[in-house]
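Asks: Given the coordinates of chain A, assemble chains B and C onto it according to the supplied hints.
Chains A, B and C supply the protein sequences, listed in that same order.
Counting in our numbering, the first sequence runs from 6 upward without gaps.
Counting in our numbering, the second sequence runs from 175 upward without gaps.
Counting in our numbering, the third sequence runs from 182 upward without gaps.
Hints are computed from structural coordinates only; laboratory data are not their basis.
Glycine is no exception: its CB is placed at the ideal position from the N, C-alpha and C atoms.
Keep in mind that the hints are not guaranteed to be accurate.
To be verified - Cβ-Cβ distance ranges computed for the label pairs, FRET-style: (1) C:K261 with B:A364: 54 to 60 Å; (2) B:T312 with A:I54: 36 to 42 Å; (3) B:H260 with C:S265: 30 to 36 Å; (4) B:G383 with A:P50: 49 to 55 Å; (5) B:G383 with A:I54: 35 to 41 Å; (6) C:R189 with B:K389: 36 to 42 Å; (7) C:D249 with B:S433: 50 to 56 Å; (8) B:V413 with C:P271: 25 to 31 Å; (9) C:R189 with B:M175: 47 to 53 Å; (10) A:R51 with C:T273: 31 to 37 Å.
Claimed, not checked - These stretches of chain C come out as covered by chain B in the derived footprint (C-beta under 8 Å, 3 or more residues): (11) 191 to 201; (12) 207 to 216.
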Amino acid sequence: MGQNGRDTTDTHSSAEQQESLPVESAKVSPMSLDSTNRRERAPDPRRRILIAGLATTPILLTLMNRSALAQDVTCSALASVVLGGSLANLPPALLNGQGWDHNNVPEHAIENMYEAHQCKDGGNTNSNSNSNSNSNSNK
Amino acid sequence: MVHVNSPLANVADGVQLLYKDFPYEVDSFADFHVRLDRPHNHHRLWHPQVLCYLNDECPFAPLPTDQALAVFESLLNFSIYATIYHFLILHAASIERAGYTAILPAPPGSGKSTLCAALVSRGWRLLTDELTLVSPSTGLISPMARPISLKNASIDVMQQFAPQQTFSPKVYNTIKGTIAYMRAPSESVARMHETAAPTWMIFPKYQAGAATSVKLLPKGAAFIRLSSGLVNYSILGAVGFEAMTQLLERTLCYEILYSDLDEAMGWFDRLPTAQ
Amino acid sequence: MAGTEVWRAANLLMRSWDDGVIVYNLDSGTTHLLNPTAGQVLYYLADAHASVGVLSHRLACENDLESDEELDHTVEDLLKQLDSLGLIEPVTE
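So here's chain A without its partners, still in its complex pose (with noise of 0.2 Å):
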């Protein structure tokens, strides 16, 4: 109702500015009238910010589901996990086949959780002689 109301208001708030255009007024040209209803339709800055918060990058995060973590925690399990985060850490072996999505998984979490556990390869026992080299991050 309201809606309808606003509708009607405005329409006859156009009509009755037409009716009482002084004299002068009425003499514009076509061109102008145009302008007049272009500048009655100019962008309403709410209806601005609505529109960009329903179109801009409505959603912001997405987190991991629970089926990356939801078993026993083994190290290819750990694996599968961690591809989706700090790839720079992982052994060139664990970087094939895992085929998990790890879309915006928490890198933070998975750097973590790999120096905790420090996997091994496929079973195999894996120096970590390798990994040392570049860490000297502070904390």
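Replies: Below, chains B and C alone, put in the same frame as chain A:
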């Protein structure tokens, strides 16, 4: 309760130093059985390595023997990651004073442990340095009061800042560089069965040369920041969601950027009066 | 997507904060953070089934605006995104 078994002197010495104030029993029931030992191959003597076992499972690759203390601490963290599902676990430090509790979630390089160690050395109770356990049903934090892990330059910074504290020997060439541990104050250990209600969620960020600045974070932004430090959120499902949202709704969330430790601590000192 | 298609929210938990709406999908286990406007649309669909036209009209009313084609298209695009994320589903009954 953790049962520790190791013939390695650096493990025994480290545990005795860092867990001096913890209660211990001999041959009692234990939640976790931890064993660190040399492998039964040529690495027993040549380029000696250490293998670690949690409840007879070996989750880690072998590492040089002189890193055994760091392996032990990592193994304890792993035991929590891998088995504790009745708490929401955050990768964060937590400290408490006068009934007010601050959670410090921490991406690498944030300076979280340094800040935590400094605050603890000035009277804040250490609840935890690494893993904050939040009860989904009560929202309370269960402390662990384990040693605080310091890395690289932070070790010397803290040894100069708080020379009265007890530090382990440095462990070199780990995946994170050089590590040393600061023992938790005796009072923190004595009170580790006292749960704490979180008051603030404070995201620290160390940046060399930066002036100390603090800003209030809205809840959604805090959730995004916190998401990088969620350990078992996904496993908990709806329970985890409820626990997270309630945690954020019960706390004021801040971000603090700092380079001067004293200035940052000054801001923390003013926190209770600002409430 | 047909403009007359009717939509409803999926099986969700939601919390509304100043800077957005945090959403947990009980069926998929995923968590999302929507800006307040997109979150409001999801709340509408959690309250009642609605088509693009109904949602557009409701949004316009609540913002003291008139609904138009641009708003309809924007709402339609948003619903496509929400559908692709599994946060809404068509009503088939």
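Asks: All hints, please: hold or fail.
Replies: Checked hints:
Checking the proposed 54 to 60 Å range against K261 (chain C) and A364 (chain B) shows it holds: the Cβ atoms sit about 58 Å from each other. For T312 (chain B) paired with I54 (chain A), a C-beta distance near 41 Å keeps the hint of 36 to 42 Å intact. Taking 30 to 36 Å as the suggested C-beta distance range, the pair H260 (chain B) and S265 (chain C) conforms, at roughly 34 Å. For G383 (chain B) and P50 (chain A), the hinted distance range of 49 to 55 Å is not satisfied, since their beta carbons lie about 40 Å from each other.
Distance hint check for G383 (chain B) and I54 (chain A): the Cβ-Cβ separation is about 38 Å, which falls inside the suggested range of 35 to 41 Å. Between R189 (chain C) and K389 (chain B) the C-beta distance comes to about 38 Å, which sits within the given range of 36 to 42 Å. Here the CB-CB span from D249 (chain C) to S433 (chain B) is close to 52 Å, well matched to the stated 50 to 56 Å. Checking the proposed 25 to 31 Å range against V413 (chain B) and P271 (chain C) shows it holds: the Cβ atoms sit about 30 Å from each other.
The hinted range of 47 to 53 Å is satisfied by R189 (chain C) and M175 (chain B), whose Cβ atoms lie roughly 50 Å apart. Taken as a hint, the range 31 to 37 Å holds for the pair R51 (chain A) and T273 (chain C), whose Cβ atoms sit roughly 35 Å apart. For a cut-off of 8 Å, the count of residues in the stretch 191 to 201 of chain C with a CB near a CB of chain B stands at 6, and the three-residue condition holds. Closer than 8 Å: that is the beta-carbon criterion, and the stretch 207 to 216 of chain C has 4 residues meeting it against chain B, so the requirement of 3 holds.
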